[in-house]
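Q: Protein chains in written order, with my numbering: chain A, 1 to 200; chain B, 1 to 200; chain C, 1 to 200; chain D, 1 to 200; chain E, 1 to 200; chain F, 1 to 200.
Treat the hints with care, as some may be off.
Stated by the list, open to error - In silico PhoX-like cross-links for lysine-lysine, where the CA-CA straight-line distance does not exceed 25 Å:
(1) E:LYS77 / E:LYS136
(2) F:LYS91 / D:LYS91
(3) C:LYS91 / E:LYS51
(4) C:LYS91 / B:LYS77
(5) C:LYS77 / C:LYS136
(6) E:LYS136 / C:LYS91
(7) F:LYS91 / D:LYS51
(8) A:LYS136 / A:LYS91
(9) E:LYS77 / C:LYS77
(10) B:LYS91 / C:LYS51
(11) D:LYS136 / A:LYS51
(12) F:LYS136 / E:LYS77
(13) B:LYS91 / A:LYS77
(14) F:LYS77 / F:LYS51
(15) B:LYS51 / B:LYS77
(16) D:LYS77 / D:LYS136
(17) C:LYS51 / C:LYS77
(18) A:LYS77 / D:LYS77
(19) E:LYS51 / F:LYS136
(20) B:LYS91 / C:LYS136
(21) A:LYS51 / B:LYS136
(22) D:LYS77 / D:LYS51
(23) D:LYS51 / D:LYS91
(24) F:LYS91 / E:LYS91
(25) B:LYS136 / A:LYS91
To be verified - Pairwise CB distance ranges, derived in the manner of DEER restraints:
(26) F:PRO2 / D:GLY146: 37 to 43 Å
(27) C:GLY177 / E:ASP161: 20 to 26 Å
(28) A:ALA66 / E:PRO90: 40 to 46 Å
(29) C:PRO90 / F:GLU184: 46 to 52 Å
(30) E:GLU157 / C:ASP92: 49 to 55 Å
(31) F:GLU67 / E:GLU157: 42 to 48 Å
Keep in mind that the hints were calculated from the coordinates and are not lab data. Please read these numbers as outputs of a predicted model, since none were measured by experiment. Backbone N, C-alpha and C define an ideal beta-carbon position, used for all residues, glycine too.
Number of protein chains: 6
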Amino acid sequence: TPETAERTAVPGVATGLAVTGAGGEVLFIEATAMEGEPGLTLTGQLGDVMKESAQIALSYLRSHGAELGIDAASLAKRRIHVHFPAGAVPKDGPSAGITMVTALASLASGRPVRPEVGMTGEVTLAGRVLPIGGVKQKLLAAHRAGLTEVIIPARNEPDLDDVPEAVREALTIHTLGDVADVLELALRPAQERAPALAAA
Amino acid sequence: TPETAERTAVPGVATGLAVTGAGGEVLFIEATAMEGEPGLTLTGQLGDVMKESAQIALSYLRSHGAELGIDAASLAKRRIHVHFPAGAVPKDGPSAGITMVTALASLASGRPVRPEVGMTGEVTLAGRVLPIGGVKQKLLAAHRAGLTEVIIPARNEPDLDDVPEAVREALTIHTLGDVADVLELALRPAQERAPALAAA
Amino acid sequence: TPETAERTAVPGVATGLAVTGAGGEVLFIEATAMEGEPGLTLTGQLGDVMKESAQIALSYLRSHGAELGIDAASLAKRRIHVHFPAGAVPKDGPSAGITMVTALASLASGRPVRPEVGMTGEVTLAGRVLPIGGVKQKLLAAHRAGLTEVIIPARNEPDLDDVPEAVREALTIHTLGDVADVLELALRPAQERAPALAAA
Amino acid sequence: TPETAERTAVPGVATGLAVTGAGGEVLFIEATAMEGEPGLTLTGQLGDVMKESAQIALSYLRSHGAELGIDAASLAKRRIHVHFPAGAVPKDGPSAGITMVTALASLASGRPVRPEVGMTGEVTLAGRVLPIGGVKQKLLAAHRAGLTEVIIPARNEPDLDDVPEAVREALTIHTLGDVADVLELALRPAQERAPALAAA
Amino acid sequence: TPETAERTAVPGVATGLAVTGAGGEVLFIEATAMEGEPGLTLTGQLGDVMKESAQIALSYLRSHGAELGIDAASLAKRRIHVHFPAGAVPKDGPSAGITMVTALASLASGRPVRPEVGMTGEVTLAGRVLPIGGVKQKLLAAHRAGLTEVIIPARNEPDLDDVPEAVREALTIHTLGDVADVLELALRPAQERAPALAAA
Amino acid sequence: TPETAERTAVPGVATGLAVTGAGGEVLFIEATAMEGEPGLTLTGQLGDVMKESAQIALSYLRSHGAELGIDAASLAKRRIHVHFPAGAVPKDGPSAGITMVTALASLASGRPVRPEVGMTGEVTLAGRVLPIGGVKQKLLAAHRAGLTEVIIPARNEPDLDDVPEAVREALTIHTLGDVADVLELALRPAQERAPALAAA
Ligand SMILES: [Ca+2]
Ligand SMILES: [Ca+2]
Ligand SMILES: [Ca+2]
Ligand SMILES: [Ca+2]
Ligand SMILES: [Ca+2]
Ligand SMILES: [Ca+2]
Ligand SMILES: [Ca+2]
Ligand SMILES: [Ca+2]
Ligand SMILES: [Ca+2]
Ligand SMILES: [Ca+2]
Ligand SMILES: [Ca+2]
Ligand SMILES: [Ca+2]
């Protein structure tokens, strides 16, 4: 969609799928890096579980950067700021884990996220993708927003039964168990990459 | 107006539009920079959302300074203090986001803010201008205070229907979606600039 | 008065005017500087607004020292301690702002505060003097305590109507809008100065 | 089991036994190390007792590394992150103590944890294994999950009476009082080790 | 008294007078200094006002050491620990101010406190002694404990009317307004001094 | 007893006497030291009074090490971790003061604590031993646990009347007022010492 394309045009922005009181929703997670004291600044009225999730995403990339072909030093030596718009809406839960890993990997590699892809899934420190809730609402929201590909946790495959067939047909649905596979799928190929974030 | 002209005569002060219990209001956001441990000091009894908003404004400028022609290092290497008078009145919400970006960009560039301009809008880390509430009251207040130009988020354009025609005529109203456009419009041209804040 | 003269004999002490449950009151704000980690130590059971007020006072002087002829480095490189006696009485509000600026400027310049002057007024980061409450009680207290000159915010001038004529006559009342004018009036001339606080 | 084998294939992951409202459960504690300010990052919604337990585990290894043949400097000079999936489930209690020691010792030595082993037990700073609750449910869960060996505290031996005989027969049950014996039993032999975590 | 003599035999211990639910009481404030990060460690279940009082006492000595003949650097460069036994009894209020100044000055100068002297009084950052409550009970307690000299604030002189004549006669009562006079009176002369605390 | 002998075999472990809801109890305080940022890590769900007690114990040794023949630098330059098993049981009060001093002195000197000795008593910063409660239950517990010597505060001597004569006969009871005497009695002689903790 135009909005998704515009929002994800720069490295560091990934498209997540969330559930709110008003049903499923597409949200854009923004990450940036600055010179300064290394560490993580988190904004967007995040709850404790979501803050921990961001730490897990960053630690995963910092300790697995080499095998993923990502320059982890560019994340380790800078101040990283991750923001979840809109700023006044409280948010919580672990299900944005893989979206945060993707936003941060995009930032570190300079490879933008593919604009047609939305995703949801908890991530562990070792890179496992754990199941989350709200699959049906999230896929309906992805479809409504014009996304054409979604990534969900492997262990959520049974939940696809509840998704209307028209939506399942319209979307390419990836069920993944390893966050390394999420990155391979969601980031644009390296040859399309924007100038990578230089290490400090 | 005389007050606005006087308040915004020095770089680092921008004119915001807010809504309080008593209707719309014009407020002056003041920013200054000092030698010392880099970071952000915030005063004016700000709530959590507004504090996060200030961090977003600063991170946006620090990571986009180059493309905006702003010396971001002057913000990164100093202690930045942002104050919202009056000091005893609690304030919150994300809608001062673009005003804080403007005040900080003015401080870093040495270009004062144009005194006839007031503004309101949430900002994201990637520089998007998100919609806010209270457009009608804010424009009435801007008009009452003698401002002649206002900046509101592009996605608030529909709210202009509720603004009395006399006010809409009297004001030049800019509906913007990218904070870079806000800065271009609100800061005085570089040739009029005061001595820029030297980098530490 | 003897007490005021004794208390303000050394640089770093300024005479403020406050309102408590028991009416107006004269209080002495004490500031001192020490070698050590730069920053601000505040004592006297201060509330949040008053603590922010002290930060504003210090930031104002640090960023405007040059134009005021004050050695701001002596404030920036030391640990500054500001105390509001008596220590067990909770205090809050922004109205001691200009008194704190005066005490700190006295400390940094080595110029004692004129003992016959009491003052009240909120200060902003850019040095504006904003209006406060309790003008009548404060001036009565100043008069009772033997002070002969008081400084109040320009925008509080209308409140002078409520002050008994005998008190207005007895006092020289200055209504000021810029804290630079407060300092010019309240500090003893430089030639009378005590040895200035040497920069670290 | 396949899941246990997969989860514990890399050094730094150990299999714990816990009791929740829904009975016994197998959980995987993940530890990783990064360049950065030394210290401990803990995620997984841990309660105070469990956080202290992690500090005890780390201090035990740092002060006993030499006698255990573990390179404690690799733990002392890095930022250590320990995560307990799933991220949104609150967890507390001291009974994961020996599992954390095992995960951290695995990380520091590069020796993966034997995938067939699950464990539970409080640890003290001096390396004693103290008794815990829920032995019956924990052993039932271990059996259900396909584990074939479990480690419990020596002082919990009497609780084995309550465990169904079929489960006791199917499992090799080790009752230990010293955490050094836990490590000897749970870590794969050094000759099978993955590349050890190099000291910083 | 034997206890007072024993407690105050080393530099850094001063005898205070307090009021508790059970009447007046003599207490011994202990101060010591260690190599380490400069700053103040306070123990004895102190309330906020008493903690601030300790900061005031330390800042007073650090900024007035030269004129008092006290080596303030020995306080500024070390970690100072002040303890109020007994450790489990909550304590608060500003009235131990001059006792803390005395204990710290004794520590810094190596001059023990005279064992026959007890004291009470609030101190300000500029060294003024402010009035406190409970004079009668405090003097009764001093007398009961065998002290023969007490120091109280000058502005508490009127409270001596309430003290039984026998107690007033038995005690030498000093009413002082400047903490420099307290130190001159309470510390043993320099020629009797123990080895001074060497500056770091 | 076998347990006491085993627990106190290494330097850094001392045997305390406590009172819980279930009567008196013997507990083992464990201390260890690591390279790292100097300071105190406390675990075992300690309350505020007990945490302060640990700071007092450490400060006492750091400032009196020379006269006690203990290498205080080995405590000052390392991270000290003190743990009170069992980890999930909340503990508070000042009465473990002398036990903590003993554990830390044992750690610093390499002299193990004599396994037959249990102790209880508050300690002050200057090394005084102050009285505590629960003498009867604590001595009964010491006796039950097979200890043969106990140390209690001098000022608790009157409480011995309440201890059954058989217990008093079986135990050697030391009533001490100075923590230096506690150390002399409780630590094994230097010639039996384990390798001392080398200073960093
Ligand atoms: Ca969720
Ligand atoms: Ca499909
Ligand atoms: Ca708003
Ligand atoms: Ca118009
Ligand atoms: Ca007049
Ligand atoms: Ca448990
Ligand atoms: Ca049993
Ligand atoms: Ca078996
Ligand atoms: Ca008091
Ligand atoms: Ca007398
Ligand atoms: Ca107790
Ligand atoms: Ca006996």
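Q: If a hint holds in the structure, say so; if it does not, say that too.
A: Results for each hint:
Taken as a hint, the E:LYS77 and E:LYS136 pair is broken in the structure, with Cα atoms around 39 Å apart against an allowance of 25 Å. Taken as a hint, the F:LYS91 and D:LYS91 pair is honoured in the structure, with Cα atoms around 21 Å apart against an allowance of 25 Å. A hinted pair counts as satisfied when its Cα atoms are at most 25 Å apart, and C:LYS91 with E:LYS51 qualifies at roughly 17 Å. Distance check on the hinted pair: C:LYS91 and B:LYS77 sit about 34 Å apart at the alpha-carbon level, beyond 25 Å; violated.
Taken as a hint, the C:LYS77 and C:LYS136 pair is broken in the structure, with Cα atoms around 39 Å apart against an allowance of 25 Å. Among the hinted pairs, E:LYS136 with C:LYS91 is inconsistent with the structure: their alpha-carbon atoms are about 29 Å apart, more than 25 Å. In summary, the hint linking F:LYS91 to D:LYS51 is supported, as the alpha carbons are separated by about 17 Å, within the 25 Å threshold. Taken as a hint, the A:LYS136 and A:LYS91 pair is honoured in the structure, with Cα atoms around 19 Å apart against an allowance of 25 Å.
A C-alpha spacing of about 16 Å is found between E:LYS77 and C:LYS77, which places the hinted pair at or below 25 Å, so the restraint holds. As the CA atoms of B:LYS91 and C:LYS51 are separated by approximately 17 Å, the hinted pair is consistent with the 25 Å bound. For the proposed pair D:LYS136 and A:LYS51, the alpha carbon gap of about 35 Å is over 25 Å, so the pair is violated. A hinted pair counts as satisfied when its Cα atoms are at most 25 Å apart, and F:LYS136 with E:LYS77 does not qualify at roughly 45 Å.
Taking the CA atoms of B:LYS91 and A:LYS77, the gap is near 34 Å; set against the 25 Å cutoff, the hint is violated. As the CA atoms of F:LYS77 and F:LYS51 are separated by approximately 20 Å, the hinted pair is consistent with the 25 Å bound. Taken as a hint, the B:LYS51 and B:LYS77 pair is honoured in the structure, with Cα atoms around 20 Å apart against an allowance of 25 Å. Simply put, D:LYS77 and D:LYS136 have alpha-carbon atoms about 39 Å apart, too far for the 25 Å limit, and the pair is violated.
For the suggested pair C:LYS51 and C:LYS77, the alpha carbons sit about 20 Å apart, so the restraint of at most 25 Å is met. Note on A:LYS77 and D:LYS77: the hinted pairing holds, with a Cα-Cα distance of about 16 Å set against a maximum of 25 Å. Taken as a hint, the E:LYS51 and F:LYS136 pair is broken in the structure, with Cα atoms around 36 Å apart against an allowance of 25 Å. For the suggested pair B:LYS91 and C:LYS136, the alpha carbons sit about 29 Å apart, so the restraint of at most 25 Å is broken.
Taking the CA atoms of A:LYS51 and B:LYS136, the gap is about 36 Å. The hint is violated against a cut of 25 Å. Between the alpha carbons of D:LYS77 and D:LYS51 the distance comes to roughly 20 Å, so the proposed pair stays at or under 25 Å and holds. For the hint linking D:LYS51 to D:LYS91, the alpha-carbon distance of about 10 Å falls within 25 Å, and the restraint holds. The straight-line distance between the Cα atoms of F:LYS91 and E:LYS91 is roughly 21 Å, inside the 25 Å bound, and the hint therefore holds.
In summary, the hint linking B:LYS136 to A:LYS91 is not supported, as the alpha carbons are separated by about 29 Å, beyond the 25 Å threshold. The hint said 37 to 43 Å for the Cβ distance between F:PRO2 and D:GLY146, and at roughly 38 Å that hint holds. A hinted range of 20 to 26 Å for the beta carbons of C:GLY177 and E:ASP161 is inconsistent with their spacing of about 51 Å. A hinted range of 40 to 46 Å for the beta carbons of A:ALA66 and E:PRO90 is inconsistent with their spacing of about 55 Å.
Checked against the hint of 46 to 52 Å, the pair C:PRO90 and F:GLU184 passes, with Cβ atoms roughly 49 Å apart. Between E:GLU157 and C:ASP92 the C-beta distance comes to about 32 Å, which lies outside the given range of 49 to 55 Å. A beta carbon spacing of about 43 Å between F:GLU67 and E:GLU157 agrees with the range 42 to 48 Å that was offered as a hint.
Checked against the numbered hints given earlier, this structure breaks hints 1, 4, 5, 6, 11, 12, 13, 16, 19, 20, 21, 25, 27, 28 and 30; the rest are met.
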